[in-house]
Amino acid sequence: MKEEELNLLHRYLDGVISPDELKHLEELLRTNPEARSTLRSLATIDAKWQELGTKELIKEPNEKRVSNDTSPELSHTRFSWFSLKPLAAGIVGGVLTTSILWALATPQGDAFTQTSQKIVSEDFEDSDIELPIHLPVKANQWCGRLVSVTPKGGTSAFEGTRVGRLIPKAGNRSESLSRIVDLHDYPDLESGYVRSLRVKGSFTAPFTGQNPGFHVRIVAFSQAPEDVRQAWRDRWNSDAMILQGVERKHLPEKDEQGNWHEVSASLEIPEGTRSIMVTLGVWHLNPDMSVPDLYLDAVQVQLVDTYKPPAKPN
Amino acid sequence: MNSDSEASDSDDSHEKFLRLWTRHEPELRAFVRSCCPRAQEVDEVMQEVSVVAWRKFSSLDNSQAFGPWVCMIARYELLMARRRHARDRLVLAEDVVKLLAEAGKEEMSLRHRQLEVLDDCLKKLPRERRDLALAAYSRDTSIRELATQLGRTEGSLYQLLSRIRMQLFDCINRSLEHSL
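The listed protein sequences correspond, in order, to chains A and B. The opening position of the first sequence corresponds to residue 0 in numbering that gives the first Met the number 0, with each subsequent residue numbered one higher. The opening position of the second sequence corresponds to residue 0 in numbering that gives the first Met the number 0, with each subsequent residue numbered one higher.
One or more of the hints may lead you astray.
As the list claims (entries may be wrong) - Lysine-lysine pairs mimicking BS3-like chemistry, simulated, CA-CA at most 25 Å apart: (1) B:Lys97 x A:Lys168; (2) A:Lys117 x A:Lys168; (3) B:Lys15 x B:Lys55; (4) A:Lys168 x B:Lys55; (5) A:Lys117 x A:Lys1; (6) B:Lys122 x A:Lys22; (7) A:Lys22 x A:Lys1; (8) A:Lys168 x A:Lys137; (9) A:Lys168 x A:Lys151.
Please keep in mind that the hints were generated in silico from the structure rather than gathered at the bench. A quick note: this is a predicted structure, and the numbers were derived from the prediction, not measured.
Please build the complete structure, drawing on both the sequences and the hints.
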């Protein structure tokens with residue numbers, strides 16, 4: 000291959016190729032099998048660098064953590080493929096509502112008092128609502144393919160007169176609405192209390208004839224809100240990004256699909272949490288079918304502080 | 000079948016999937032990278048592929064065919080990602096992605112061999128070159144920041160990275176020729 004042709008491949012892989020250069024590259028790739036083969040080989044090198052670059056990046060903090068057994072970061076865990084195990088077991092075993100918890104055990108004790116603070120209450124009554132469609136990069140903003148509509152097909156809003164309608168992109172098997180809660184916006188936890196985040200929302204898919212599932216997910220991050228999106232995208236490749244997560248999935252019976260279904264989840268917020276991503280969504284079990292339209296209403300997010308008395312001496 | 004045995008089957012299936020995914024993930028990632036102009040998009044596509052592959056895994060009769068099978072899923076997800084990003088960034092034309100993906104699927108075993116010899120080739124690189132490449136691909140440093148740190152222009156840094164890439168490319172080809 001000529002030097003300038005190789006340069007096109009490098010510029011493509013470096014992500015700095017110009018529109019004109021891309022046209023040249025496309026023509027080259029269409030007509031030259033050697034160019035296609037070389038690109039695949041160079042991409043193999045790039046993929047390896049990317050993998051090694053990620054490993055190098057996370058090695059140092061890991062080593063520091065291991066050297067300090069008392070660090071709260073030791074309780075961090077990450078999303079992994081093993082998180083699919085209880086989900087699969089739940090569905091195969093005929094359990095229609097199942098939740099997945101990625102975490103080490105959190106302390107359980109007798110709770111005496113609770114204070115709750117409703118921090119989000121969303122009924123989608125604003126007909127002009129316009130949301131960013133990508134994962135959120137700042138706190139206190141819903142993101143997702145959602146519009147406010149008056150429900151059709153004989154369905155009434157769960158609350159108010161309008162509902163949120165999630166509009167899955169063509170070909171997508173899932174669609175969701177997300178929001179980040181920044182714990183810096185709220186008072187520090189008092190001594191002796193543990194704090195939980197509770198999320199609930201009502202779902203229906205009234206006129207699809209399909210069989211969608213609904214889910215509510217809560218994930219705790221140590222990162223600031225602006226870094227959550229990247230941490231979420233990196234969850235397969237690195238640890239110490241996600242502190243803890245819980246997901247509740249609900250699969251309605253076929254004859255109940257047109258009803259409203261309230262799905263809720265709660266997460267005891269682990270130490271070191273800065274941001275929490277809340278997600279409510281729909282998915283379809285058959286990946287060959289697109290996700291149907293979905294109505295969502297009455298979404299509430301609460302912070303709940305629970306007093307946990309110190310253990311009694313024996 | 001009772002629920003215990005169903006759950007046990009599911010556990011076995013999950014473990015089997017994990018093993019196959021782990022074995023094929025590096026060459027699959029390389030395959031995906033050739034069709035994604037931005038390294039960051041590789042993670043996004045790989046995530047989609049893993050989710051779909053797990054959902055469809057029960058339909059795979061022969062685990063020997065996992066590589067080509069998961070490549071077919073990746074091909075579809077690559078085209079979907081291309082359509083998602085076509086409006087707001089530079090992407091390869093759909094017919095080119097299909098061409099790359101089609102042949103890429105046939106070359107999974109070659110990818111595997113390339114990755115095997117690449118480890119040795121990386122060890123042969125001068126340490127400063129290896130560190131530079133790793134720094135360039137580290138997520139917490141942009142090329143601009145790295146160029147500033149090194150007192151270089153971005154252009155010269157990209158040229159240097161291209162040379163390192165070609166050095167590894169030549170090393171891989173030589174190693175594979177010798178192993179034949």
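Outcome of the hint check:
Proposed proximity of Lys97 (chain B) and Lys168 (chain A) is supported: the alpha carbons are some 22 Å apart, at most 25 Å. Restraint check: the Cα-Cα separation between Lys117 (chain A) and Lys168 (chain A) comes to about 31 Å, which exceeds 25 Å; the hinted pair is violated. Between Lys15 (chain B) and Lys55 (chain B) the alpha-carbon distance is near 13 Å, which keeps this suggested pair within the 25 Å criterion. Note on Lys168 (chain A) and Lys55 (chain B): the hinted pairing holds, with a Cα-Cα distance of about 21 Å set against a maximum of 25 Å.
Taking the CA atoms of Lys117 (chain A) and Lys1 (chain A), the gap is about 64 Å. The hint is violated against a cut of 25 Å. Annotation: proposed proximity of Lys122 (chain B) to Lys22 (chain A) is violated, straight-line Cα distance about 36 Å (limit 25 Å). Of the supplied pair hints, the one linking Lys22 (chain A) and Lys1 (chain A) holds, its CA atoms being roughly 17 Å apart against a limit of 25 Å. Taken as a hint, the Lys168 (chain A) and Lys137 (chain A) pair is honoured in the structure, with Cα atoms around 23 Å apart against an allowance of 25 Å.
Straight-line distance between C-alpha atoms of Lys168 (chain A) and Lys151 (chain A) comes to about 20 Å, which keeps the hinted pair within the 25 Å bound.
Of the numbered hints stated above, those contradicted by the structure are hints 2, 5, 6, listed in ascending order.
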